[in-house]
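Chemist: As a plain string of letters, each chain reads:
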Amino acid sequence: MLEGRELMVFYENMLALNNVSIQCGDGKIIGVFGSNSAGKSTLMYTLSGIILDIRKKEEMRGGERISLFGNVLFNGEDISEVKPHVRAKMGIVLCPERRRIFPESSVLENLKIGAYLSTRQEAKDNIEYVLDLFPRLKDHLKRQGGFLSGGEQQMLAIGRALMAKPKMLLLDEPLLGLSPAYQDIVINGTKAIRDSKGISIIVTEQYARPIIPIIDYGYILENGSNVLSGTKEELLDNPDVKSAYFGV
Amino acid sequence: MEILIYGITNSIILSLMSLGFALVYSISRVPNFAHGALYITSGYIVWLLINKAGLPYLPSVLLGLAAASLIGALMYRFIIMRIRGMEISEIIGTYAIGLAMIEGLRWGGLRGMTYTLPAFVSGSTEIGGVSIDYQRIIIIITGILIFILLFLFTRYNRIGLALRGIAQDERAAMMLGIDSDMTAIISLAIGSGLAGLAAVLLLPLGNIVVEQGYNVLIFAVAVCVIGGLGSWGGTIVASFIIGFAQILTEKYISSHFVMVVALLAIVVTLLIKPSGIFGKQKQLEERV
Numbered sequence: 001m002l003e004g005r006e007l008m009v010f011y012e013n014m015l016a017l018n019n020v021s022i023q024c025g026d027g028k029i030i031g032v033f034g035s036n037s038a039g040k041s042t043l044m045y046t047l048s049g050i051i052l053d054i055r056k057k058e059e060m061r062g063g064e065r066i067s068l069f070g071n072v073l074f075n076g077e078d079i080s081e082v083k084p085h086v087r088a089k090m091g092i093v094l095c096p097e098r099r100r101i102f103p104e105s106s107v108l109e110n111l112k113i114g115a116y117l118s119t120r121q122e123a124k125d126n127i128e129y130v131l132d133l134f135p136r137l138k139d140h141l142k143r144q145g146g147f148l149s150g151g152e153q154q155m156l157a158i159g160r161a162l163m164a165k166p167k168m169l170l171l172d173e174p175l176l177g178l179s180p181a182y183q184d185i186v187i188n189g190t191k192a193i194r195d196s197k198g199i200s201i202i203v204t205e206q207y208a209r210p211i212i213p214i215i216d217y218g219y220i221l222e223n224g225s226n227v228l229s230g231t232k233e234e235l236l237d238n239p240d241v242k243s244a245y246f247g248v
Numbered sequence: 001m002e003i004l005i006y007g008i009t010n011s012i013i014l015s016l017m018s019l020g021f022a023l024v025y026s027i028s029r030v031p032n033f034a035h036g037a038l039y040i041t042s043g044y045i046v047w048l049l050i051n052k053a054g055l056p057y058l059p060s061v062l063l064g065l066a067a068a069s070l071i072g073a074l075m076y077r078f079i080i081m082r083i084r085g086m087e088i089s090e091i092i093g094t095y096a097i098g099l100a101m102i103e104g105l106r107w108g109g110l111r112g113m114t115y116t117l118p119a120f121v122s123g124s125t126e127i128g129g130v131s132i133d134y135q136r137i138i139i140i141i142t143g144i145l146i147f148i149l150l151f152l153f154t155r156y157n158r159i160g161l162a163l164r165g166i167a168q169d170e171r172a173a174m175m176l177g178i179d180s181d182m183t184a185i186i187s188l189a190i191g192s193g194l195a196g197l198a199a200v201l202l203l204p205l206g207n208i209v210v211e212q213g214y215n216v217l218i219f220a221v222a223v224c225v226i227g228g229l230g231s232w233g234g235t236i237v238a239s240f241i242i243g244f245a246q247i248l249t250e251k252y253i254s255s256h257f258v259m260v261v262a263l264l265a266i267v268v269t270l271l272i273k274p275s276g277i278f279g280k281q282k283q284l285e286e287r288v
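From first to last, the protein sequence lines stand for chains A and B.
Note that the first sequence covers residues 1 to 248 in our numbering.
Note that the second sequence covers residues 1 to 288 in our numbering.
Don't take every hint at face value.
[Said to hold, decoys possible] Which bits of chain A does chain B cover? Going by a derived footprint, with three or more residues having C-beta under 8 angstroms, they are: (1) 55 to 62; (2) 88 to 95; (3) 98 to 104; (4) 107 to 119; (5) 161 to 171.
[Said to hold, decoys possible] Taking CB as the label site, the calculated pair distances span: (6) B:E126 / A:T119: 50 to 58 angstroms; (7) A:E77 / B:L152: 33 to 41 angstroms; (8) B:R77 / A:G70: 26 to 34 angstroms; (9) B:G85 / A:T119: 54 to 62 angstroms.
[Claimed, not checked] Here are some of the chain B residues that sit facing chain A, going by a computed Cβ distance under 10 angstroms: (10) G85; (11) E87; (12) G128; (13) Y134; (14) R164; (15) Q168; (16) R171; (17) A172; (18) M175.
Hints listed in this document are in silico derivations from the structure and should not be mistaken for laboratory results.
Values in this document were obtained by computation on a predicted structure and should not be read as measured data.
Cβ atoms here follow ideal geometry from the backbone N, Cα and C, with glycine treated the same way.
Okay, chain B solo, but in the shape it has when bound (with noise of 0.2 angstroms):
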């Protein structure tokens, strides 16, 4: 019971982790390597906002994730477009954004443990003999709800069913009409907007440091070859994997392993099948 409920606590974490990484990357194929340093910037963004503005807490989280998704936009509008295509230019150019991003935090003084932002609500409960706070289940709830809304969204939303066009066959899709730049612009927003999202339901767990804007991005890295980049379907099935592979690892062997578990499934993926879980579906292309 115990390895259940915290398994899925970290599988929907990591999830919520790597979602918005998994989208951007299966609708503009740009792999955006700042994922992790926009967690953590939208995490100081809501901390800057409650207890530097004085705001209450609801209107500093809209705030932040909104700030989050224009950083996300902006980034694209005046970097990646021009490196659009060359993709070892765009992990450079996105991985710099990101560092830029995270080592300015820590030079502007983002150390130490001083940075925590408040649960939504706090407190906890028990759910079959096993103590759960209030937290991680707010965490259960709004990952699966994003999954249901994300879902909806992109099967009958006009915009959405031209990300999934875009995603499928980028140049169909611009017969059609649809613009690939405004489509990438879309993406980048709503990627960066769960990292914002998943930072401020995240956070509240441990202290906003900067190192965890690197975990993030390894993590969601991971998740998304395990899953096969660009399936949404298989991100999340790779966050159950590995979710759970973390949990059982702490538990029987050391918690000191929980990262190693993460990398060695990339290593362990990569060397039986380079195309993930639900790579691109190869039988599919053949028979066009």
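Just chain A, with the same shape it has in the complex (with noise of 0.2 angstroms):
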């Protein structure tokens, strides 16, 4: 379904990404996993569009330089250079790191500027359905994003990506920085959206363990390149694997 194809980004002189190739097939669930600065966030950039419009704004301000090289392909088309608000139209939806929550909206809002690509009852459903989903945020419609917290952040920053009817959710690190609960309750949650609508994941995290059972086919990034792959089996077999990113 998404696939990105020795994918190459420099910034500057920096290579941040390194020939690597992903894939995720249709109704899968996908895990890249690996420290800091091994280009995780760099490479959700990539498949989402988002690079485009930074490298675009750096040449703007006289900033850094950066290159790209190799292609992302969705459906089979070529859609290197489509921009990110168009990527998000054929169904690529980014939920980014940090959350990005529109901080002076309530809740309801945020959700609903989410449903900027929904007709009116489809948003009235999807709204709905995240609800449902994470029933917690239901207590705080009226309250404001910022004023949330970091949990609660999550599962309102998952829920708007999917207000924007996904076929591809691409979630860059949701369990950063949250509690052990938490974390269940977005993993999930990750799970059941996949389940229930079918939508393709791909999901990116520091820590394999709390995502390893959930994923179909993970990745492991190092310094910008792709130094394994293989299924879940094949992670936890690993020994190099199990003693680096599992904490056995």
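Relying on the hints, combine the two individually framed chains into one complex.
Modeler: Following this line, the structure appears as structure tokens:
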């Protein structure tokens, strides 16, 4: 469904992604694991097209020069130069790192802004779906997004991304800074999204352990390179991976 | 009573002048220094339609507003879009456009006291012993209606909500399928339309003179700096502060100092609280 082919991203002369190829089939959950600065977020920006906007803004400011190589394919179509909002329309929706909730809007408004691409009826149905998925949000519908706790914000961010009717959902470090209880809610929610709506999901995380039970296939990034990939069992059996990413 | 009524009128006048500027800045982060020029240009277009084309009042006004919106949208599409993100260039670019428009009008013959727009309804009445003309009452009512309309638009309309999303976090909105160039065009069209509306409402109070273009820009910038750039609530509060301050100055000191009030207020704000009364909510950002 979504495929990145030999992706390379340079920030000036720094190599952020080195020849990474990644594939996500229909209705699959793919995990991407790696430490800080391994290139996870850059990969997500490249797949969602946000990198094009970053590149343009940097160019305007006279800042870093960003160079992109390789292709992003969606259902076989090359979308490497397609702008991020058009990709969202095609169905590739990114739920960004650090959540980026609209802080001055209420929870309900955040969801409504997310429903930009939907009709009124779809928006209504989707809000219902999101609130069923994360019932905790129901208690805070009128509260400003910025005043929610980290876990609630993460639920809201995922909910907001769902409002945009994704076919391919990209979750960038959804567990960052969350308590174990909230981690469970988010992980179960992620699985439920795939199971009930058939949405394909790519999820990145520093620690593989909480995510690994729900993924179909995983990639491990190190310094921008894909050092290892495999099914959940293959990853679990690899002794290097075990010590580095599972803390066993 | 006199101070209250004149103060409210003056405040609403100020907020009408600055609302367009504030709206464009908060949504697209483009400081539209052509705002005053759009104000005076749309006033002149309406004057032309009424006096040269012989159209009745209402159609001329509507056409004038449409023309203002169109100018704003074209300005973004063909000029600002290329320099967006380079702040200094945005200021220089929009100011240059404004300068060209204002001085173009002056060169084209918009001089002297001969150009006036008709009032919506003429005549006057008394409220609490203070005489006030109907035009000012209409200004107050329209001003309040515009606030309400904008409030509803940005809370219950799909496009309005998208504008607010972009205003708060451009990239996060982009990820949800909102096109930031499209919202910027819409914001400039609405902002310019508001400048035109202000012109139609306010110009009948005096003559159409090109210098008004600069004054409107100064007031708009003053109000936005004091209220906090990018904050709509702040814009309205700041217009009331400056509005009343001006009326008090006029009454107790001298009417020569009215312009100074706005500029002094900018200086004081920048010294005490540079982000303005309702500047970006820092305490929120830290939590995220």
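Chemist: It remains to establish, for every hint, whether it holds in the given structure.
Modeler: Results of checking the hints against the structure:
no.	hint	verdict
1	55 to 62	holds (count 4)
2	88 to 95	holds (count 5)
3	98 to 104	holds (count 7)
4	107 to 119	holds (count 7)
5	161 to 171	holds (count 3)
6	B:E126 / A:T119: 50 to 58 angstroms	holds, 52 angstroms
7	A:E77 / B:L152: 33 to 41 angstroms	holds, 40 angstroms
8	B:R77 / A:G70: 26 to 34 angstroms	holds, 32 angstroms
9	B:G85 / A:T119: 54 to 62 angstroms	violated, 33 angstroms
10	G85	holds, 3 angstroms
11	E87	holds, 9 angstroms
12	G128	violated, 38 angstroms
13	Y134	violated, 38 angstroms
14	R164	holds, 6 angstroms
15	Q168	holds, 4 angstroms
16	R171	holds, 6 angstroms
17	A172	holds, 4 angstroms
18	M175	holds, 5 angstroms
Hint compliance for this structure: hints 9, 12 and 13 are not met, and every other hint is.
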